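Chains A and B are the protein sequences, given in the same order.
The first sequence begins at 1 in the working numbering and counts up by one.
The second sequence begins at 1001 in the working numbering and counts up by one.
Derived from the structure by calculation, the hints contain no laboratory data.
Worth double-checking, as some hints may not be accurate.
[To be verified] In silico SDA-like pairs for lysine to any residue, Cα to Cα no more than 20 Å straight-line:
1. LYS15/A <-> ARG1273/B
2. LYS15/A <-> LYS147/A
3. LYS147/A <-> CYS34/A
4. LYS15/A <-> GLU1439/B
5. LYS71/A <-> ARG89/A
6. LYS1531/B <-> CYS34/A
7. LYS1277/B <-> SER1163/B
8. LYS6/A <-> GLU1350/B
Just so it is clear, the structure is predicted and the values come from calculations on it, not from any experiment.
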Amino acid sequence: MSYMSKPRIAHPGLKKNALGLTRRDYEGGMSTLCAGCGHDSITAAIIQACFELAIEPHRVAKVSGIGCSSKTPAYFLSASHGFNSVHGRMPAVATGANAANRDLSYIGVSGDGDSLSIGLGQFCHAMRRNLDMLYLIENNGVYGLTKGQFSASADVGSKAKRGEINEQPPIDPVLTALAMGGTFVARSFSGDKEQLVPLIKAGLKHKGFALIDVLSPCVTFNDHEDSTKSYAYTRQHYHPALETDFVRPAEEIMADYDAGAAMSIELHDGSMIVLRKAAQDYDPQNRGTAFAYIKDKLRDSEFLTGLLYVEETAPDMHVLSHTADRPLVDFGWEDLCPGSSALPEILKRYR
Amino acid sequence: MKPTDTSNPEYFHRVVDCQWACPAHTDVPEYIRLIAQGQFTDAYMVNRESNVFPGVLGRVCDRPCEPACRRGRVEDKPVAICRLKRVASDLKGAFKDRLPVVPETSNGKRVACIGAGPASLTVANDLVPLGYQVTIFEALARPGGLMRTNIPAFRLPAEILDSEIDVILDMGVELKLGHRIDSMEALLDEGWDAVFVGSGAPRGKDLDLPGREEASANIHIGIDWLESVAFDHVEKIGERVLIIGVGNTAMDCCRSSLRLGSTDVKVMARKPRDFFKASDWELEDAEEENVEIVVNHSPKEFVLEDGRLVGMRFDQMEYQVDDDGRITDQRVIGERFIPADDVVLAIGQENAFPWVERGLGIEFDKWDVPIVDETTFQSTRAGVFFGGDAAFGPKNIIWAVEHGHQAAVSVHKHCTGADVSDRLPVTMNLSSRKMGIHEWSYKNDYNPLERGLMPHVSLTQRFRKLNIEVELGFSPEQAEKEVQRCLNCDIQTAFTDRLCIECDACIDICPTDCLTITGNGTEEDLRQRLKAPSENPDQLLFVSGPLMHTARVMVKDENLCVHCGLCAERCPTAAWDMQKSRFSFPYAIDEEEACLSRNRRSA
């Protein structure tokens, strides 16, 4: 970790967003992760995306579990709400928070250990109930905080820094999400902000559970030769299947798209996602063919990246639970708790 | 762009903006760091090596370093470099045992220096330790040249000047005071091994207007008048004084007038304020003393009554200025009479060589000044050198010192039979400041302190005597704060492209967004694609070779880097490192050592 903090001095040409804030205003504390950790790049991408969306920092809640990844909410949006929860239990905390205040934007940051081992059940159920949140998995294939044991996302044949070879098949978060009914499923790479920043923006604006599995090399325990999650290996094997542009409501689509290859999807708040397909026959709105295609490519050791599947019309948790449109936090105490005198009436309904 | 060649000392030297701007290349960050550590004598010696007169320059240098200072780009105000130089001088301890040792036996070479100003004194400073017998001829009664005659004692106390001159004279220089050289031919006939002309630009410009001759008793040439004041030949001036011109000499003239009895001093400027030649701080100091600066008045006539000066008539001017600040048109819109008892002309000065005979092989150009080589300072006659204001017209002390250093190298080469234009290169040493994983042997934490203000003697006190020094100097407490504003530009960001794994850590952490990883292109193209807009094309771009994984390049815009070292701290592979650059600018003594080591090798 660094002993000094990042100087508050900034480039005088630093841009301001619609709120009059600069990107620096979306920063958090100094990272205590290893120098060169992919997670820090993802932090920078979140900062950039929130700045570009001109999100009010106090309208965001950051939630996380345990692990290197789960430390990162301390490093962005220092003016936001935050909850660093128990290992693998971030989705439960996020569910509770979202149930109480559906008007905030939720950013969950988890890792391959937190989501695919101890928290796999929680992860799956959050997708099943289509909880309205952005869920980032900072995926490096190892348990960094406990010194580099293989995690559940380690690829078969990948060699650990100490020399042992992983033989168990990995749990792939993208395939899992597709199987569990995830409504926004993406993969990206910490070293490609041009792809990652629009994905984070689209994920924040998606109504429902938005998963982005971000390949994020562990520079200390998994960046060696024969690792399949190193910077070098990822750069050689990642293939953008779809290029994603995020266009805010009332903003003009400026770029020139080849008509046949581009498709636009309107999000809940009127913003648009424009997808440009690199692979000809890929359909990001067909769960079955998307699953098969991604799995085929994984077999060839190719990580497909981009917004791989999106379904904007699926009902989210609040619709499914028939909750009030008004956030629970905005109700008065008397409305939320009618008191012991009302209890018999309520109980009567169940007799 | 081609990969930047950082092994060429010029690249990193230009990053150290202050040192690059200083004619004598004073190692500013190094001496500021030494002051921060309380090593004032060491800081003084770092200064003395390059600029010879730290006590003098710490008060009256023209400070080309300060407008160049990076802090001035990052914030508003540069580091108070000049004031810190004075701190080193004020607080230094004994240093004479650290001066070069003068050999007991001379090398038999005799060098004549004309004029005891900063240029000649520097030549002596550099050559005496090599065994030269240096004789300085000075027309006036005291040494120092313009440092003594043109800079009033309330800005530069005589004791400071004397002590720094004495250090040089005590090495064993022969000083002939009151000895004006009237003939170059006669001097050359005396058989000197080399002659150095450091006689300054002693002729103040005159203003040929109606009434000039008749009123001459009350019209003074600025630099001559200041000289008379310095030598106590003038002790008072009229109550109402007009200073014509608005350069630094004019500022010294108006402030001197206030100390010699005048109560109403006006500085008359022909043009608007943006065109003033005086340094900002000298203008501020004069205005603090209630000097009125009157703009857009062009002198027309000296007005006399009964044969005595009563004032001056001016044309009132109006100027058209374009967007770039250039005057495109001017017209007279009126006339104004301003009463005055005395007028001081401070409209410039020039060098004059009536005492250099033609036909000696010293050629003159069409402006009647000698042709002097800009590197060697040699005239067209071998063995005759010019430096200081005598070489290229009026500049500042710090330029004269650098001319002196270079001329001393030439004199040494000339006297040893070497080619004067064959000079040692500037060399650079880089050494890492990394101590531990997150520790650096320099203070890299950015401190948002504002520039300190110089304490002054109060306005009621300072006019009581002519020689009360107005500036009190920074206190140690003020110095302790000011040193923290230095950004350590000499601690360079050194990049090794083959180590970079393109993890983006440096890009993400850089507080001023000066780093970008992108595809290569032309400089113009790259400047369009940087993470932060490129606002200063004068500042260099560093471009690496192609990076290992993607063949993109690392680009650094040197403009706003605050040298915090976070790029190096967050770099997992040490592709970025913070390395202290130290430049070596060859002096005469280095030429001597290079020559000795050559001889040793061949022997």
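**Request:** Would you check the hint for LYS1531/B and CYS34/A, treating anything up to 20 Å between C-alpha atoms as holding?
**Result:** The hint is violated at about 24 Å.
**Hint consistency between LYS71/A and ARG89/A [alpha-carbon to alpha-carbon, up to 20 Å]** = Measuring from Cα to Cα gives roughly 14 Å; hence the hint holds.
**Asked** Given the hinted pair LYS147/A and CYS34/A, is their alpha-carbon gap at most 20 Å?
**Response** holds, 12 Å
**Request:** Sort out whether GLU1350/B lies within 20 Å of LYS6/A, counting only the CA atoms.
**Result:** Measuring from Cα to Cα gives roughly 52 Å; hence the hint is violated.
**Prompt:** Does the structure keep LYS1277/B and SER1163/B at a Cα separation of 20 Å or less?
**Reply:** Violated. LYS1277/B to SER1163/B sits at ~31 Å, over the 20 Å cutoff.
**Message:** Does LYS147/A sit within 20 Å of LYS15/A, going by the straight-line distance between their CA atoms?
**Reply:** violated, 40 Å
**Message:** Hinted pair, alpha-carbon criterion (20 Å max): LYS15/A, GLU1439/B. Please report holds or violated.
**Reply:** With Cα atoms ~32 Å apart, LYS15/A and GLU1439/B exceed 20 Å; violated.
**Message:** Check whether the Cα positions of LYS15/A and ARG1273/B lie no farther apart than 20 Å.
**Reply:** Given that 20 Å is the threshold and the Cα spacing comes to 34 Å, the pair is violated.
Violation of the numbered hints given earlier is confined to hints 1, 2, 4, 6, 7 and 8; the remaining hints are satisfied by the structure.
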